[in-house]
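Trainee: These are the residues of each chain, in order.
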Amino acid sequence: MFPSAFEYYAPKTLDEVYGLLAQYGDEAKILAGGQSLLPMMKLRLAAPSVLIDIGSLGQLSSATETAEGLSMGALMRHKTIETSHWPHYPLLRETAPWIADPLVRNRGTIGGSLAHADPAADWGAALLALGASVQIESRDRIRHMALEEFFVDLYTTALEPQEVLTRIVIPVPATAATFARYLKLERKVGDFAVVGVAITVSLAIDGTVAQAGIGMAAMSGVPFAAHQTESLLVGRQLTPALIKEVSESASQEGDPESDRRGSAEYKRSMARVFVERGLSQILQQWESTQSA
Amino acid sequence: MESRKEDARRMVSVTINGEMRQGLAEPRTLLAYFIRETLGLTGTHVGCDTTSCGACTVLFDGEPVKSCTVLAVQADQHQIDTVEGLETDNVLHPLQQAFWDNHGLQCGFCTPGMLMTSVALLQKNPHPTESEIRHGISGNLCRCTGYVNIVKAITDASHKMQKEPAEV
Ligand SMILES: Cc1cc2nc3c(=O)[nH]c(=O)nc-3n(C[C@H](O)[C@H](O)[C@H](O)COP(=O)(O)OP(=O)(O)OC[C@H]3O[C@@H](n4cnc5c(N)ncnc54)[C@H](O)[C@@H]3O)c2cc1C
Ligand code: FES
Ligand code: FES
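Chain order of the listed sequences is P and Y.
Take the position in the first sequence, starting the count at 1, then add 48; the result is the number in our numbering.
Take the position in the second sequence, starting the count at 1, then add 155; the result is the number in our numbering.
Hints in this document: simulated from the structure, not taken from any laboratory.
C-beta: ideal position from N, C-alpha, C; glycine also.
Don't take every hint at face value.
[Said to hold, decoys possible] Interface residues of chain Y toward chain P, partial, derived using beta-carbon atoms under 7 Å:
#, residue
1, Pro182
2, Arg183
3, Glu218
4, Thr224
[Unchecked claim] Cβ pair distances, simulated, as ranges:
#, chain 1, residue 1, chain 2, residue 2, range
5, P, Arg92, Y, Gln177, 26 to 32 Å
6, Y, Asn280, P, Ala252, 35 to 41 Å
7, P, Met49, Y, Gln234, 23 to 29 Å
8, Y, Gln317, P, Met49, 40 to 46 Å
9, P, Ala252, Y, Lys318, 48 to 54 Å
10, P, Thr131, Y, Val246, 28 to 34 Å
11, Y, Gln278, P, Met49, 29 to 35 Å
12, P, Ser339, Y, Thr243, 52 to 58 Å
13, P, Ser119, Y, Gln232, 27 to 33 Å
14, P, Pro209, Y, Arg165, 21 to 27 Å
Whole structure, please, built from the sequences with the hints as guidance.
Mentor: Rendered as structure tokens:
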């Protein structure tokens, strides 16, 4: 299977990318890891007449960690994140191994995943839980935007045709005692989520929740942040009773659709199970650090 | 047709199995087809052609990837390794020998991809557990063996390679 014919450019600088975007407008598509775009082009679901391969923009392939947070280049591959160690951001390493399979993870990028905006994507859920924002650049301006605003609709983002997603920025968590889980139900290994739940919780010394993030995959038409449930957690002591309460709340958030992966009712029920399971594991982990 | 125009094609140079090779490719030519049809190395198989099965796995700068989902032009000036590069001087690579010894293949269609993924797996993690092997090969589908003998073969090779470290 072959894509329709296209012209291929592999610019070495962002300036060249902007030049090509200005020249070709929305006839052009950016190619990052190609693990969503190329399959779609082979199926002729997409047929751009120009591909701009940003794979040689080295400055977008690395991360910098500061006291304020972690700034990740859009071209960082899923595999690189899986094997990196950022102790303040355990959710990244929890999530990465659940994406696709090891071969796809060797090519696919975090920026490509966000720009593709599949509501079932794992990075969408995880980065919403982490309160991430994105940096978007074009020839004339750099803008920053909360990830939640970036996701506009099914497969639709706030990116304009002349813009490139360059960085993903995660703010440093409220406390050093930050725990995370990513729980995902898949029909078969390597598949997109039936439901995915990303949880990150930062605890104060006395065990009260200082900060909580819960992101959900496949629970809405866009990757979804369960703010109501997050706010039920904050300021309270993490206990089995609270966990029960918030998992009920989580299953009522979102707006899942019945599809070939499962009924809406099943998805809600799995969201409840995952929030309960994930928070219980986090509570246990915290308790074991206390007794140690 | 426009796509057939000679000037739509460009020269792609790769170092494949240690050898410099080049050939013309349209931008839309996928790496798997470039390897098979232009370079004539048919050991790399195309199974699903939809990024699902891993039969087309090759090493791209040392990392296993699905060559049906990479453009040949993206491989220009890069290093590719295929199943043909595994044996040296008519001696099978320890993984190939282990697949043979442990009945790690039946029809053999998935085998080139399985081998390339396993080569990279053992390079990164010379002593994988069964679970690490199963996760490591989870992008490679096999319709015949049920995986049990594939896992056995990779385990066997990891033991043998420990004793006599092999190149690749
Ligand atoms: C078999 C298979 C299973 C998969 N399973 C999962 C899964 O379980 N979970 C999951 O989350 N994902 C899954 N994926 C998708 C995978 O994670 C892709 O890597 C990801 O969706 C796209 O990233 P990419 O770098 O490959 O982007 P590409 O395919 O190169 O691009 C995707 C889209 O984003 C645009 N784009 C890319 N980068 C930028 C940028 N920097 N700025 C602006 N636009 C940009 C492109 O123009 C294109 O429209 C799977 C893919 C396959 C093939
Ligand atoms: S042929 Fe490439 S993944 Fe199946
Ligand atoms: S041996 Fe037949 S597909 Fe694996």
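Trainee: All hints are to be evaluated individually against the structure, with a verdict given for each.
Mentor: Each hint, compared with the structure:
Given hint, proline 182 of chain Y at the interface with chain P, holds; its Cβ is 4 Å from that chain's nearest Cβ, closer than 7 Å. Annotation: arginine 183 of chain Y was flagged as interfacial toward chain P, and the flag holds, the nearest CB pair being 5 Å apart, inside 7 Å. The beta carbon of glutamate 218 of chain Y comes within 4 Å of a beta carbon in chain P, closer than 7 Å, and the hint placing it at the interface holds. For threonine 224 of chain Y, the interface hint holds, since its Cβ comes within 7 Å of a Cβ in chain P; the closest pair sits about 5 Å apart.
The supplied range of 26 to 32 Å is met by arginine 92 of chain P and glutamine 177 of chain Y, whose beta-carbon atoms lie about 29 Å from each other. Hint check: asparagine 280 of chain Y to alanine 252 of chain P, Cβ distance near 38 Å, so the stated range 35 to 41 Å holds. Between methionine 49 of chain P and glutamine 234 of chain Y the beta carbon distance is about 26 Å. The supplied range of 23 to 29 Å therefore holds. In this structure, glutamine 317 of chain Y and methionine 49 of chain P meet the distance hint of 40 to 46 Å, their C-beta atoms being roughly 41 Å apart.
At about 53 Å, the beta-carbon gap between alanine 252 of chain P and lysine 318 of chain Y stays in the expected band of 48 to 54 Å. For threonine 131 of chain P and valine 246 of chain Y, the hinted distance range of 28 to 34 Å is satisfied, since their beta carbons lie about 32 Å from each other. Taking the beta carbon of each, glutamine 278 of chain Y and methionine 49 of chain P are about 31 Å apart, inside 29 to 35 Å as hinted. Taken as a hint, the range 52 to 58 Å holds for the pair serine 339 of chain P and threonine 243 of chain Y, whose Cβ atoms sit roughly 55 Å apart.
One distance hint, 27 to 33 Å for the beta-carbon pair serine 119 of chain P and glutamine 232 of chain Y, holds here, with the actual separation near 29 Å. Remark: the range hint 21 to 27 Å for proline 209 of chain P to arginine 165 of chain Y is upheld by a beta-carbon distance near 26 Å.
Of the numbered hints listed earlier, not one is contradicted by the structure.
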